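A.B. asks: This is what each chain is made of:
2 protein chains.
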Amino acid sequence: VIVYGRNPVREALRGRRSVEQVWATERTAGEPWLEGVTVAIAGADEIERLSESPEHQGICAEAAPYPYADADSLMEPEDALVLCLDEVQDPRNLGAVCRVAETAGCAGLVIPERRSAAVTAAACKASAGAVEHLRVARVRNLADWLASAKERESTWVYGAAAEASVSYERPDYSGRVVLVLGSEGRGLRPRVAETCDELVRLPNRGKVGSLNVSTAAAALVYGILHFRK
Amino acid sequence: VIVYGRNPVREALRGRRSVEQVWATERTAGEPWLEGVTVAIAGADEIERLSESPEHQGICAEAAPYPYADADSLMEPEDALVLCLDEVQDPRNLGAVCRVAETAGCAGLVIPERRSAAVTAAACKASAGAVEHLRVARVRNLADWLASAKERESTWVYGAAAEASVSYERPDYSGRVVLVLGSEGRGLRPRVAETCDELVRLPNRGKVGSLNVSTAAAALVYGILHFRK
Chain A
8 VIVYGRNPVR EALRGRRSVE QVWATERTAG EPWLEGVTVA IAGADEIERL
58 SESPEHQGIC AEAAPYPYAD ADSLMEPEDA LVLCLDEVQD PRNLGAVCRV
108 AETAGCAGLV IPERRSAAVT AAACKASAGA VEHLRVARVR NLADWLASAK
158 ERESTWVYGA AAEASVSYER PDYSGRVVLV LGSEGRGLRP RVAETCDELV
208 RLPNRGKVGS LNVSTAAAAL VYGILHFRK
Chain B
8 VIVYGRNPVR EALRGRRSVE QVWATERTAG EPWLEGVTVA IAGADEIERL
58 SESPEHQGIC AEAAPYPYAD ADSLMEPEDA LVLCLDEVQD PRNLGAVCRV
108 AETAGCAGLV IPERRSAAVT AAACKASAGA VEHLRVARVR NLADWLASAK
158 ERESTWVYGA AAEASVSYER PDYSGRVVLV LGSEGRGLRP RVAETCDELV
208 RLPNRGKVGS LNVSTAAAAL VYGILHFRK
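Taken in order, these protein sequences are the chains called A and B.
First residue of the first sequence? That's 8 in the working numbering, and the numbers climb one at a time after it.
First residue of the second sequence? That's 8 in the working numbering, and the numbers climb one at a time after it.
The set of hints was computed from the structure by calculation and includes no laboratory data.
Since this is a predicted model, take the numbers as computed values, not measurements.
Take these hints with a grain of salt, some might be off.
When chains are identical, the list treats them as one kind, so a pair holds in a single copy or across two.
As the list claims (entries may be wrong) - Computed cross-link-like contacts, EDC-like style, restricted to lysine to aspartate or glutamate with a CA-CA straight-line distance of at most 20 Å:
hint : residue 1 : residue 2
1    : 236       : 179
2    : 236       : 79
3    : 157       : 83
4    : 236       : 69
5    : 236       : 85
6    : 214       : 151
7    : 157       : 77
8    : 157       : 86
9    : 214       : 94
10   : 157       : 33
11   : 157       : 52
12   : 236       : 97
13   : 236       : 151
14   : 236       : 176
Let's have the full structure, built from the sequences with the hints guiding it.
C.D. replies: As structure tokens, then:
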């Protein structure tokens, strides 16, 4: 598969999947971070054709398919913090949330196989390459997976919901924590919300009324890191 | 000026600036939130031409120029929380930060006049219309404005910096708080950083090493709302 853009190619080169070939414009190929990397020189139009996007920044690479993780294995650490996205369909939102999760040290991210953005080149780009280091797993049915995850000792599943009665500042987030965020507009599906142990909300003091999913994830995840200390 | 997209047009209609005309495709014009609004029916290509963007969602409007606020007036509330962006040039990042600031109830946002994205149609779109309710001010020189803002009683200026030695969890954020974020990649300019009372950092546990400016803003602003209680 193709990945494009500076950060995505750089992180693919130092990540888990093999990179078969790198193409770059003459100008980008001369950048110091590519020292020691074999690069085929190509025109910007050729790189745009390979990338199928104008956001290639003069570089793209052919890499092995994205190595999805096993969802259950993400839950192994006793203090695992795992994010789930319920049918988030915009790959840029998926990528932006992956970047938050990777920077915050989350154990991984779980997405459903269907009606969800996958880790495509656009998601890689939006994650600034973070997907190469974060573990991302796909599950057939998110509500079923959450129910099985809860069977593990000391595991709590929190869902983010604007209409929740509990502030996100209330729980102590000890043990294993799974945080589920829904898609912008529709929120969590009812069965997913029902499977959560608790629904929590961020304070909302504005007129527009909601954050996008990546900024909500950032506020909640950094809050959880603070509260669980 | 033109604003485009559903949320931007809806919030412009209920915001501070006058809207002269609305154009929409036949399909979008029939949406219930436009009831009572005079809409000129136009083709998608005409709306794209007016919007100068493919992200118009079938609607755009001619509105008065964006009504920038006076920066000093943002600092009037005794507990004002004001965000500043130091030369953030991507209008989507500016818009995304405006959405965070509006949702979190910030008193406003300050940007420099030069080398900064302004509140353009692209920023309105990325803010989901939040710029119509948030107060955004432009100043000639950000470091100078920060220095003058600090002269006001009980005012503290914090800068976000990955290399800061102080965790963002340390201050109590009482009084008036100004939080300055830099552009992705370059961070705060030296004179801006020197003008801050304290530089603070978010925990970073990943390999990629940074959040984008809107997710960093979300983590910090919601943290400040919590810590200042």
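A.B. asks: Evaluate each hint against the coordinates.
C.D. replies: Verification of the supplied hints:
no.	hint	result
1	236 - 179	both (8 Å within a copy, 17 Å between copies)
2	236 - 79	neither (24 Å within a copy, 38 Å between copies)
3	157 - 83	within (12 Å within a copy, 48 Å between copies)
4	236 - 69	neither (42 Å within a copy, 51 Å between copies)
5	236 - 85	within (14 Å within a copy, 31 Å between copies)
6	214 - 151	neither (36 Å within a copy, 31 Å between copies)
7	157 - 77	within (16 Å within a copy, 52 Å between copies)
8	157 - 86	within (14 Å within a copy, 41 Å between copies)
9	214 - 94	neither (26 Å within a copy, 27 Å between copies)
10	157 - 33	neither (52 Å within a copy, 48 Å between copies)
11	157 - 52	neither (50 Å within a copy, 50 Å between copies)
12	236 - 97	neither (33 Å within a copy, 35 Å between copies)
13	236 - 151	neither (30 Å within a copy, 38 Å between copies)
14	236 - 176	both (13 Å within a copy, 12 Å between copies)
Consistency with the previously given hints fails for numbers 2, 4, 6, 9, 10, 11, 12, 13, ordered from lowest to highest.
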